[in-house]
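K.L.:
Read off the chains here:
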Amino acid sequence: MVFAIEAESLTRTFGGKKGKEPLVALDNVNLEVKEGELFGLLGPNGAGKTTLIKILSTLLLPSSGTVKVLGHDVVKDSQSIRRRINMVSGGESSGYGILTVKENLWMFTQFYGIPSEVAKRRIDEMLVSFGLVDKKNSTLRTISTGQRQKMNVVRGFVTDPDLIFLDEPTLGLDVNASFIIRDYIRRWVKEQQGKTVLLTTHYMLEADELCDRVAIIDRGRILACDTPANLKRSVSRDSTFSIATTPFKQVSGVGQLPGVKGLEVKEQSDRLEVNFVLEDESVIADIISYITTRQGKVLSLAKSQPTLEDVFIGLVGRGLG
Amino acid sequence: MREQFRTLKYAAWLGWQIESNWTKPWLFIVYSIAKPISATLILVLMYLVILSSSLTRPDIFAFMFIGNAFYMYVAQVLFGIVMVIHEDREHYQTLKLIYIAPISFYVYILGRAVPKIVITTIAILITLAFGVFVLGLDINFATVNWALLALAMIVGLMCICMIGVALAGVSFLTAKHGMGINEGIAGMFYLFCGVVFPITVLPQWGQAVGLGIPITYWLEIVRRAVLSGSGVENIGGLQSYSETEIFLFLLISCALFFAISLAIFRYADRLARKKGKLDMTTSY
Amino acid sequence: MSDWLLNYRAMVGRAYPRILGPWREPSWVLFDIFLPLLGIAAFIFYYRSMGAPEVFTGFVVLGGAMTAFWINVLWSMAAQFYWEKETGNLQLYMLAPMSRMAVLAGMAVGGMFFTSVRAVSTFVLGFLIFNVQIQVTEPLALMAVFLVTLIAIYGMGMMFASLYLVWGRGAMNFSTLMQEPIYLVSGFYFPVRQLGFWVAAAGSIIPITLGLDAMRQLMFAGSDVFAFLTWQFELVVMVGLAAFFLLLARFSLSYMENLAKRDGRLTLRWQ
Numbered sequence: 001m002v003f004a005i006e007a008e009s010l011t012r013t014f015g016g017k018k019g020k021e022p023l024v025a026l027d028n029v030n031l032e033v034k035e036g037e038l039f040g041l042l043g044p045n046g047a048g049k050t051t052l053i054k055i056l057s058t059l060l061l062p063s064s065g066t067v068k069v070l071g072h073d074v075v076k077d078s079q080s081i082r083r084r085i086n087m088v089s090g091g092e093s094s095g096y097g098i099l100t101v102k103e104n105l106w107m108f109t110q111f112y113g114i115p116s117e118v119a120k121r122r123i124d125e126m127l128v129s130f131g132l133v134d135k136k137n138s139t140l141r142t143i144s145t146g147q148r149q150k151m152n153v154v155r156g157f158v159t160d161p162d163l164i165f166l167d168e169p170t171l172g173l174d175v176n177a178s179f180i181i182r183d184y185i186r187r188w189v190k191e192q193q194g195k196t197v198l199l200t201t202h203y204m205l206e207a208d209e210l211c212d213r214v215a216i217i218d219r220g221r222i223l224a225c226d227t228p229a230n231l232k233r234s235v236s237r238d239s240t241f242s243i244a245t246t247p248f249k250q251v252s253g254v255g256q257l258p259g260v261k262g263l264e265v266k267e268q269s270d271r272l273e274v275n276f277v278l279e280d281e282s283v284i285a286d287i288i289s290y291i292t293t294r295q296g297k298v299l300s301l302a303k304s305q306p307t308l309e310d311v312f313i314g315l316v317g318r319g320l321g
Numbered sequence: 001m002r003e004q005f006r007t008l009k010y011a012a013w014l015g016w017q018i019e020s021n022w023t024k025p026w027l028f029i030v031y032s033i034a035k036p037i038s039a040t041l042i043l044v045l046m047y048l049v050i051l052s053s054s055l056t057r058p059d060i061f062a063f064m065f066i067g068n069a070f071y072m073y074v075a076q077v078l079f080g081i082v083m084v085i086h087e088d089r090e091h092y093q094t095l096k097l098i099y100i101a102p103i104s105f106y107v108y109i110l111g112r113a114v115p116k117i118v119i120t121t122i123a124i125l126i127t128l129a130f131g132v133f134v135l136g137l138d139i140n141f142a143t144v145n146w147a148l149l150a151l152a153m154i155v156g157l158m159c160i161c162m163i164g165v166a167l168a169g170v171s172f173l174t175a176k177h178g179m180g181i182n183e184g185i186a187g188m189f190y191l192f193c194g195v196v197f198p199i200t201v202l203p204q205w206g207q208a209v210g211l212g213i214p215i216t217y218w219l220e221i222v223r224r225a226v227l228s229g230s231g232v233e234n235i236g237g238l239q240s241y242s243e244t245e246i247f248l249f250l251l252i253s254c255a256l257f258f259a260i261s262l263a264i265f266r267y268a269d270r271l272a273r274k275k276g277k278l279d280m281t282t283s284y
Numbered sequence: 001m002s003d004w005l006l007n008y009r010a011m012v013g014r015a016y017p018r019i020l021g022p023w024r025e026p027s028w029v030l031f032d033i034f035l036p037l038l039g040i041a042a043f044i045f046y047y048r049s050m051g052a053p054e055v056f057t058g059f060v061v062l063g064g065a066m067t068a069f070w071i072n073v074l075w076s077m078a079a080q081f082y083w084e085k086e087t088g089n090l091q092l093y094m095l096a097p098m099s100r101m102a103v104l105a106g107m108a109v110g111g112m113f114f115t116s117v118r119a120v121s122t123f124v125l126g127f128l129i130f131n132v133q134i135q136v137t138e139p140l141a142l143m144a145v146f147l148v149t150l151i152a153i154y155g156m157g158m159m160f161a162s163l164y165l166v167w168g169r170g171a172m173n174f175s176t177l178m179q180e181p182i183y184l185v186s187g188f189y190f191p192v193r194q195l196g197f198w199v200a201a202a203g204s205i206i207p208i209t210l211g212l213d214a215m216r217q218l219m220f221a222g223s224d225v226f227a228f229l230t231w232q233f234e235l236v237v238m239v240g241l242a243a244f245f246l247l248l249a250r251f252s253l254s255y256m257e258n259l260a261k262r263d264g265r266l267t268l269r270w271q
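Protein chains in written order, with our numbering: chain A, 1 to 321; chain B, 1 to 284; chain C, 1 to 271.
Calculated directly from the structure, the hints in this document are not laboratory data. Don't take every hint at face value.
Stated by the list, open to error - In silico contact screen, one side only, chain B against chain C (beta carbon under 8 Å); selected entries: (1) Thr-174; (2) Gly-184; (3) Leu-202.
Said to hold, decoys possible - Just a sample of chain A residues kept apart from chain C, beta carbon distances all over 12 Å, derived: (4) Leu-61; (5) Glu-92; (6) Pro-115; (7) Gln-193; (8) Gly-194; (9) Leu-205; (10) Gln-256; (11) Lys-303.
Every residue, glycine too, gets a C-beta built ideally from N, C-alpha and C.
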């Protein structure tokens with residue numbers, strides 16, 4: 001098994017001089033990310049996500065512990081790592097306002113020694129993928145926040161890294177821009193063998209949608225690390241349903257049916273919203289039959305499952321916000 | 001009025017924080033002393049390489065020394081105000097937030113200039129002390145015209161601040177190398193306003209330019225106030241005018257510059273908003 | 001790909017915005033070419049008001065031209081890492097595999113056009129307006145002195161840049177402090193020997209001190225009497241200083257980067 005990232009007993013503290021208590025940003029973190037994985041790091045503000053990324057990307061030294069990225073030690077062999085990684089942060093304001101989108105991207109490729117012709121070709125292809133072709137000759141000062149962040153993402157991927165760190169890449173972006181970025185990330189990992197992504201976010205939907213595995217971090221500690229499905233399964237085995245129906249008789253009888261654990265009914269002007277928890281999902285057929293035999297019509301049916309936020313609350317006791 | 005005062009107060013507080021909280025107090029003091037003394041010593045060394053001693057031509061030495069010392073207000077305050085725009089826009093990226101706040105932007109800029117004025121005042125006092133005790137500068141404290149000096153300082157500093165406001169407006173429109181604005185405008189005053197040499201050394205047209213700038217009159221008044229009775233009034237090129245007349249010229253030229261500066265700032269401000277330059281970053 | 005090729009491309013990449021910037025923001029033409037002449041003119045008139053020999057006019061013009069390079073070293077190279085840190089570019093530079101000196105060399109080379117235009121225009125306008133007489137008897141020697149001076153001061157600038165990896169505004173104030181005091185101890189506007197031997201010798205650690213002194217000897221007839229040391233000796237010392245500062249810069253950049261990474265200040269803004 002080849003690991004893109006291996007951290008063992010990683011600790012990072014700040015301050016601690018003049019008798020003050022040091023701030024422990026990362027506390028004995030153990031982490032392994034396989035090559036080819038799209039790995040998520042989920043946690044609230046101040047959890048230590050960015051600190052961890054900075055250490056892995058060789059911008060910050062660990063206080064103790066060992067960290068290897070792509071087989072190289074971050075302390076002793078950072079130069080070897082830098083040739084093969086890149087990083088994109090949310091809300092990034094990098095680049096120079098007087099240069100165009102294409103010029104900024106080209107400049108950053110030169111820092112990785114990519115031949116000009118190769119760089120320009122890649123940039124052109126990626127600008128098409130991100131819908132920035134009509135902005136390629138616009139200076140940074142004239143493009144919108146979403147366009148700028150797309151450009152930042154292009155900057156990260158255009159050097160064709162083996163491992164890319166995405167630190168809240170869709171922060172503050174609209175639905176469309178976020179979708180484009182997430183879609184690109186998903187395709188990139190799928191289509192490129194052996195490429196790894198470490199994505200930090202506190203949008204649980206993003207982590208759920210994209211990641212092969214997710215680690216939940218809070219106050220510098222990894223609380224859990226597994227696939228999103230397994231993490232959600234660990235919270236609850238029950239499924240919650242919500243059925244909207246036209247009014248029908250003996251509504252409370254739904255709660256008496258075998259397999260129904262709880263019932264909540266909300267009356268609205270011309271309909272009922274019936275919420276219930278089932279031990280076994282196969283009981284849903286009996287419930288619908290009960291409703292329809294009492295002259296009720298099913299208008300809609302929705303199932304809600306535990307989210308990663310439920311997982312987090314279960315682990316930590318507070319939300320991701 | 002209370003609102004304006006509050007803006008002034010907090011802008012001054014912010015300016016002081018930025019000026020001073022980057023290092024330990026003792027290092028800040030060393031820095032605040034070393035800079036002005038060095039600038040003065042350049043001129044002193046240039047003087048000594050030609051005239052060998054401050055006693056060779058004490059009148060010229062005093063003329064130069066006082067002019068250069070008080071000129072620090074012009075250089076530092078103008079530089080400070082231009083830097084406010086530059087830093088707030090390019091580095092801290094707070095310019096747009098302050099701009100849209102319900103405060104007077106003029107008052108904000110003037111408030112940010114206050115700590116510069118305070119620090120420069122201290123630097124000038126140190127420079128003057130250095131001149132008196134080390135270089136033999138002859139200032140008779142008994143004959144200093146304090147009232148005239150105080151009046152000149154109030155009017156002069158207001159004028160300098162308003163010129164700074166105009167330059168701040170120009171800064172809205174220029175890129176990072178707009179720091180050359182400060183160097184250029186300060187250089188213009190340095191050349192034409194009789195700072196270190198009498199304006200009579202300049203060609204006629206240069207003298208005419210100098211006589212249109214309030215700084216010329218301000219420095220002349222300051223010299224006459226500080227070096228009262230020493231005969232310095234016979235060197236600067238304004239010997240045919242009394243203090244009262246020069247003060248009047250100062251007031252008139254200040255009023256004119258006040259109006260021009262305000263017009264420049266308003267125009268630049270409008271243009272910057274029109275062109276979307278208030279939050280541009282231009283560093284490269 | 002070899003390190004040389006990588007660093008060459010990185011240097012070209014970083015030079016690019018510096019070369020392009022002046023064309024896209026042309027306000028510098030007024031502020032950085034014509035207006036600095038005013039300060040120089042003031043010093044010339046100051047000398048004239050004291051009856052100084054005309055050769056001092058040449059000294060001032062030369063000193064004024066060379067300030068363009070010194071200011072470029074302080075603000076567009078050394079302090080640049082501070083600006084880059086504030087805008088978020090520094091972490092991307094540190095992340096990339098290129099050498100830090102390649103980035104700084106790119107800044108220097110890219111800014112050279114702009115700086116040279118300022119310096120040359122100061123020379124030309126200064127000489128024309130004030131009728132300065134120059135007499136260059138050894139043009140190759142003058143070119144050598146000029147180039148070695150530039151290499152040495154830019155090497156020094158790279159060393160200063162390393163401070164900005166750790167410091168924040170303290171380093172910026174350090175740059176501010178390196179203007180007037182350096183103009184003083186390096187004798188930008190007066191012969192440095194006026195400071196006395198030991199002060200001038202100490203000031204010679206700043207390469208531009210000896211550079212200016214040597215250039216004066218090679219450009220102005222009759223300036224030998226104001227010379228500190230012979231220009232040949234000064235050239236040799238400057239070659240040594242150039243090598244010293246470039247090596248020191250390499251070590252300092254690496255050391256300071258590690259220090260900044262250890263303390264968590266490499267990407268810390270608004271220090």
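K.L.:
For every hint, state whether the structure bears it out.
P.N.:
Results of checking the hints against the structure:
1. Thr-174: Holds. Min distance 4 Å.
2. Gly-184: Check passed: Cβ of Gly-184 of chain B comes within 2 Å of chain C, closer than 8 Å.
3. Leu-202: holds (6 Å)
4. Leu-61: violated (5 Å)
5. Glu-92: violated (6 Å)
6. Pro-115: Violated: least Cβ distance 8 Å, not greater than 12 Å.
7. Gln-193: Non-interface label stands for Gln-193 of chain A: nearest chain C Cβ at 22 Å, farther than 12 Å.
8. Gly-194: holds (19 Å)
9. Leu-205: At roughly 27 Å from the nearest Cβ of chain C, Leu-205 of chain A sits farther out than 12 Å, so the non-interface label holds.
10. Gln-256: holds (61 Å)
11. Lys-303: Per Cβ check, Lys-303 of chain A is outside 12 Å of chain C; nearest 43 Å; holds.
In the structure shown, a violation is registered for the earlier hints numbered 4, 5, 6, in ascending order.
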